[in-house]
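> The residues making up each chain are set out below.
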Amino acid sequence: MDRKSGRRLQRLRILSQFLFLVLFFFLLARLAGGAAAPPAWAGLFFYLDPLFLWVGLLASPLLRPFLLALLPLLLTLLLGRFFCGWACPLGALHQFFTWLGARRRRRLPAVARAWLRPKYLLLAGLLAASLFTVQLLGWLDPFSLLTRSAATVVLPGGNALLQQALQAGPRPLYELGRRALLTVSQRSFLQAAGIGILFFALLLLNLRRRRFFCNSLCPLGALYGLLAKFSFLRLRINDACVKCNACAGGCTYQGGPYQDYLKSECLLCGNCLADCPAAAIDVAFAWPGRRQRPAVDLGRRRLLGAAGVGLAAAALPLASPSRQAVPHPFLRPPGALEEKEFLRRCIRCGACMQACPTNALQPALFQAGAEGLWTPVLVPQSGYCEYECHRCTQVCPTRAIARLSLGEKKQFKIGTAVIDRSLCYTYADGYNCAVCEEHCPVPEKAIRLREVEVETFRGRRRLVKQVYVVPDLCIGCGICESVCPRSDRPAIRVGAEEEQRQNPAG
Amino acid sequence: MKRRAFIQNGSALATGLMLAPLVPAQAGAGSADAVVQVRGASPYEITRRAVTELGGMKRFVSRGDLVMVKPNIGWNRTVEQGACTHPEVVRAVVEMALAAGARKVVVMDNTCHKAEDCYQRSGIAAAARQAGAEVRFSDESRLAVHDFRGEVLGRWPVFRDHLEADKFINVPVLKHHGSSGLTMAMKNLYGILGGNRGKLHRDMGENIADLAAGFRSHLVVVDAWRVLVRNGPVGGRLSDVEERRTVIASANIMHADVAAAALFGRDARQVESLQAASARRMGEIDIAKVPLRRLDA
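The listed protein sequences derive, respectively, from chains E and P.
Just so it is clear: in the first sequence, position 304 is 303 by numbering that gives the first Met the number 0, and no numbers are missing.
Just so it is clear: in the second sequence, position 102 is 101 by numbering that gives the first Met the number 0, and no numbers are missing.
Derived from the structure by calculation, the hints contain no laboratory data.
These figures come from a predicted structure and were not determined experimentally.
Heads up, some of the hints might be wrong.
Unchecked claim - Label-pair distances were calculated between CB atoms; the ranges are:
(1) P:Lys103 to E:Arg457: 47 to 53 Å
(2) E:Glu174 to P:Gln129: 19 to 25 Å
(3) E:Ser486 to P:Ala278: 25 to 31 Å
(4) E:Gln366 to P:Gln119: 30 to 36 Å
(5) E:Arg420 to P:Gly63: 52 to 58 Å
(6) P:Glu242 to E:Ala504: 40 to 46 Å
(7) P:Gln129 to E:Gln185: 28 to 34 Å
(8) P:Gln129 to E:Leu11: 18 to 24 Å
(9) E:Arg420 to P:Ser61: 50 to 56 Å
(10) E:Arg457 to P:Gln119: 44 to 50 Å
Claimed, not checked - Calculated cross-link-like contacts (lysine-lysine; reagent style DSS-like; alpha-carbon spacing at most 30 Å):
(11) E:Lys409 to P:Lys113
(12) E:Lys464 to P:Lys198
(13) E:Lys409 to P:Lys198
(14) P:Lys198 to E:Lys412
Glycine is no exception: its CB is placed at the ideal position from the N, C-alpha and C atoms.
Same shape as in the complex, but just chain P (with noise of 0.2 Å):
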């Protein structure tokens, strides 16, 4: 072995060993079904404080990946509004998947407003970009049909930037859905495709797993910093909006989405989405069975 070899490894060793303690030693904690629930001061805080907890975000992002962080910029909407992801969330994402080594971040979402306005308004795009990613908006022209081989959802249009990237993170806000009851990071997914998306609304829980079977997450943090509680998806009313000041993180995206419910006040089992993940052997429904860990920050 040469020296400078021995070296490297040396330290990298040591450094192993020093960091060992910091890794929560409970079981499950790094496995793919973990989920990781932080309350706190800070959106930011707490966003950083669940992804560590769940592994670090080397475990998600490899060096030299293009990395798609996808929060939900649906609306034309501000923060106070809970309708869109906390900029403060997605900022914190991006710099740990550059952290992590990703070549490069890029935001975008398929928004439902006029893509300009939410993007501003929302704050995400100011927030991202200065966390050092790429905003893009959603290009017609670069739509590229995908079979999601699902139960109902086969083939449908996705923009092509979502499929060409290494790593997909799903960053959603939790929120209150009038007719799928709630919008978390499986509808989430909506984001990701083009065409006439209206049409999914039909058997929209089952489309919202097929999406999810079909399109892997490798990461999901989901906002519930501030949660619209009523009158979702776009709101509008601040008496709707509640603090909850929660982030919770799972590379599993039913548990997070049951997660998610369960802080909303919502059993999983009456979330038609989580019904359709379960019958899909997605993960678990009853939240007791969920290897959820709550944290304060």
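Isolated chain E, as found in the complex (with noise of 0.2 Å):
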């Protein structure tokens, strides 16, 4: 291929690359927002993303949605790894920052070839070990990686900094950009720290080695390579070759056809075509034979070891104090499952957190165990469930919180509230609160009130207003504890007692 139609073919892979990080970021923004719930193809990523068909084959019964992801892993099977090349959102901001690496670095290493080998191990393991229902694929999976970290670290930090900048601004334009860009209140999110470090990490190591994690680290670019190697399309030096190595340039795995060509990493980026002078590299389609390069030297005993980590590694949270799981510290969101098998279905994406309207999702950190790093809990000194809302259980991919109309989400059981009587004004102090009780959404009261004479501090005998919970009416969502005016520590506060968690039939 010449030059020219290398440089278009390149130009066409950026723009794909933008339009999907685009839409990316158009489906993200369709999950907040807006009082409609959000539509079934927000999900769209998730749904194309073989490793969650993984998981939605284990799950029981079995997701739909997810064969879909059947249509990239036949597509890989015929191109390779076009997927990591032109479609994944996240490949595009790294190759957006290997860019801007390789502009100040302009010769890089060739290949080192034990640096693309940690994915392929890490899928093993990951794999190994979901099979003894500890589930992790979404800490590094892309969608899951990139959702996540968009919706609790890049749009609520971006929101926070544009506010601190237009306030110093003029007041007009202060008020334009709040109505225009900002968010009514700013969103904040418990593990926003360790989300973002691992993130920004990420981008950073392209200035160091071109698309790291997709070399790398990423699982989902490991399946598709396995694949690639299997695949039709191939790339071929012919002999206008003048052997001169440009091609490694700008490859992102820094290989190149004509140094080292490796199927199973090429992303079909099409820098090659573009920067060869000689016009050298066909694009083929070609029988998978037999006689090719070795690929990536995986070797049976690594993979073999990797997939032992991982099952080594799934032992530890098997046995660990939260799969007892009797007393939790925790709350999860309206709707989900049983907490093996939502830990099971939960791929960590945040997709929930993103959805609920008050900030009341958080991602955990180790309340519910190490395994459960990420996955959402509602704390309600963050925010409430809102009564009117069940955004979230209609945005879960894998179902890990399950569909509940908005009916069946007014009727469900998070948890119960407990008034904490030495903190609680109407009980320690005497006084007449109830702040706890207006807001109760459950509309026969879960909160109720009733007048009794009462010895105050000061040793005065008078009326009052005490707050008292109906435990059977209590539905968990947490205003009570969110609005709870003491500033030490809520008087009421909502535990996981009488949770309702069913898995569904069949």
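Dock chain to chain to rebuild the complex, using the hints, since each chain is given by itself in its own frame.
See the structure below:
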């Protein structure tokens, strides 16, 4: 292919990456905001992900939307890792940062094959662990990683920065910006630091090594790489080659078709076609032959080792107290399945957190065990479960949070509120308060008042309307805890007592 | 006198004479303490009628004023559930304020539920925009400390938008309230406050009275079209809502609340905030002594 066509292809690829990135953020925005429930296609990228097809196959009943992921799988058998090069939105970001870095470092060392290996081992380990119900694919899956990072770090952080910047400017500009760009209330997430450090570190690593995440860590890239080995599309050097090795200069895995062609690593980015001065690289379809150069050397022993580590790692959480799980100090979103099945399905993508209008859903740290890292927990001191909303139940791609109609969600018991009489003003201080009672959304009121004569701390007797909870009516939405006016610690708190967790039938 | 001025003055006088018979003749109708209560077939019409009977919006809004209209948009509830002010009442008030020459009308509240949800579901944002108001969300970065100089309530953060307005029109909804019994115009002023408002639920009646005494409502229009009679202030169940098809207007916030309490079927003397207001000499607590006119539209 001549250079001009190569450049055209390259530009087409960049355009495609850009459009998929825009599509990704468009769908992310559809998860949040608006009164209507988000459309099912807002989860498109997840349904196209073969790793989650695996999760969907392990779930019972199996999750049919993920059959969509057969499409990129088949296309990969035909074309190779086109998805990584042309469609993956996280890949697009990595490509952009690689481009930034490449402008500064003109000469990069040739590929070290050892750097291409970890992703395959990670994939082996993660898949092995998932067989034993410890499903951690979402930690590194590109869509989970990007959705989670964008929802909990990039968007809220960007909003906060923009707000600060606008406030420094003239007021009319601030008003305009606030209307057009800012969210009405600033969102914040408890684990933003950890999620953000991982995300930005991965992006910055591109400055040292091209598409570091895609080449070295991405489990989805590994899966596509395994298939790409057997794909039909390939690059071939023809007789015009002048052996200048210019094709390695822009290669995303630092190999290039002349020096070190690895079909499993080639992202079809087209850089080599655009860089070749001699039109010496052809794009051809060929029956995947036996006489190929060796691909990344995984080694049976290493692969089995990785799977073994995955299994061993799975054993740790299986034996941890969080799996025994009787009393536990966290709330799950409404509709969450039984903990074991919930963890098996949850892909830590944070779609529910993006969808939650009140910022109540937060990524867990270790309260649900180490394996529960970044799974959603409902934190009433951050927000409450809005009575008129069931959005999180509509967006969970793997239905770790079951689809609930609004009517079903209103009845769903997330937990139960308990009054701490040593803190509540109406008991401890003998004052009227009742903010929690006011906010209780249950029409029959799960928080009620009764007039009682008490002795105040000043020793006076007076009538006080004391609040109490009707446990059978309480749905555990947490608005009471979120509005309790105490400054030290809410005097009414929701715990998982009587939480309603059940798996789908069949 | 110039001819043009003569003609202008003359036509103004003529208009005044023509309109004179329309102005209610009863004593006190134009006084600051008067209350008009109108019952009728449309929330929009009875709102207009009540303000007109009180002397017209021009009595309260001057040409060029920046007017703040403060409905109760506190909850993510529909108009049928009666937890927020009826959007048609808000629309009528905004239209009248603009017609009276207001430079700008702003509609705003500091909600209890998430603001966007409340503004949207209540129908108030759409109605206010339709009427020509600017619909604004409360912005934490726009808080300023205001001194209410009350008996229990002193300095407290208030959204500047309310302090900057030339005129403040208080447009609450009448409804049941668990801890304070009823919520009406005086309680509606919680919506101008920022900070940890929940703390003000201690001695709530006293705080409400201080709030109303320390921040002037130039006009009060109480929506009692649908009244949430139980399980307020958030409600939710339609069986707890009764249609009363009424609007109450007054320039005296306490009198508006006394009349609203009476409409609810509650003696003002049993409402803590009104006892406190009475102690502060904000008006009559005895409904019989309130200059109230009840009309059917």
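> None of the hints should be skipped; say for each whether it holds.
Checked hints:
no., hint, result
1, P:Lys103 to E:Arg457: 47 to 53 Å, "49 Å, holds"
2, E:Glu174 to P:Gln129: 19 to 25 Å, "21 Å, holds"
3, E:Ser486 to P:Ala278: 25 to 31 Å, "30 Å, holds"
4, E:Gln366 to P:Gln119: 30 to 36 Å, "34 Å, holds"
5, E:Arg420 to P:Gly63: 52 to 58 Å, "56 Å, holds"
6, P:Glu242 to E:Ala504: 40 to 46 Å, "44 Å, holds"
7, P:Gln129 to E:Gln185: 28 to 34 Å, "30 Å, holds"
8, P:Gln129 to E:Leu11: 18 to 24 Å, "47 Å, violated"
9, E:Arg420 to P:Ser61: 50 to 56 Å, "54 Å, holds"
10, E:Arg457 to P:Gln119: 44 to 50 Å, "46 Å, holds"
11, E:Lys409 to P:Lys113, "17 Å, holds"
12, E:Lys464 to P:Lys198, "16 Å, holds"
13, E:Lys409 to P:Lys198, "29 Å, holds"
14, P:Lys198 to E:Lys412, "29 Å, holds"
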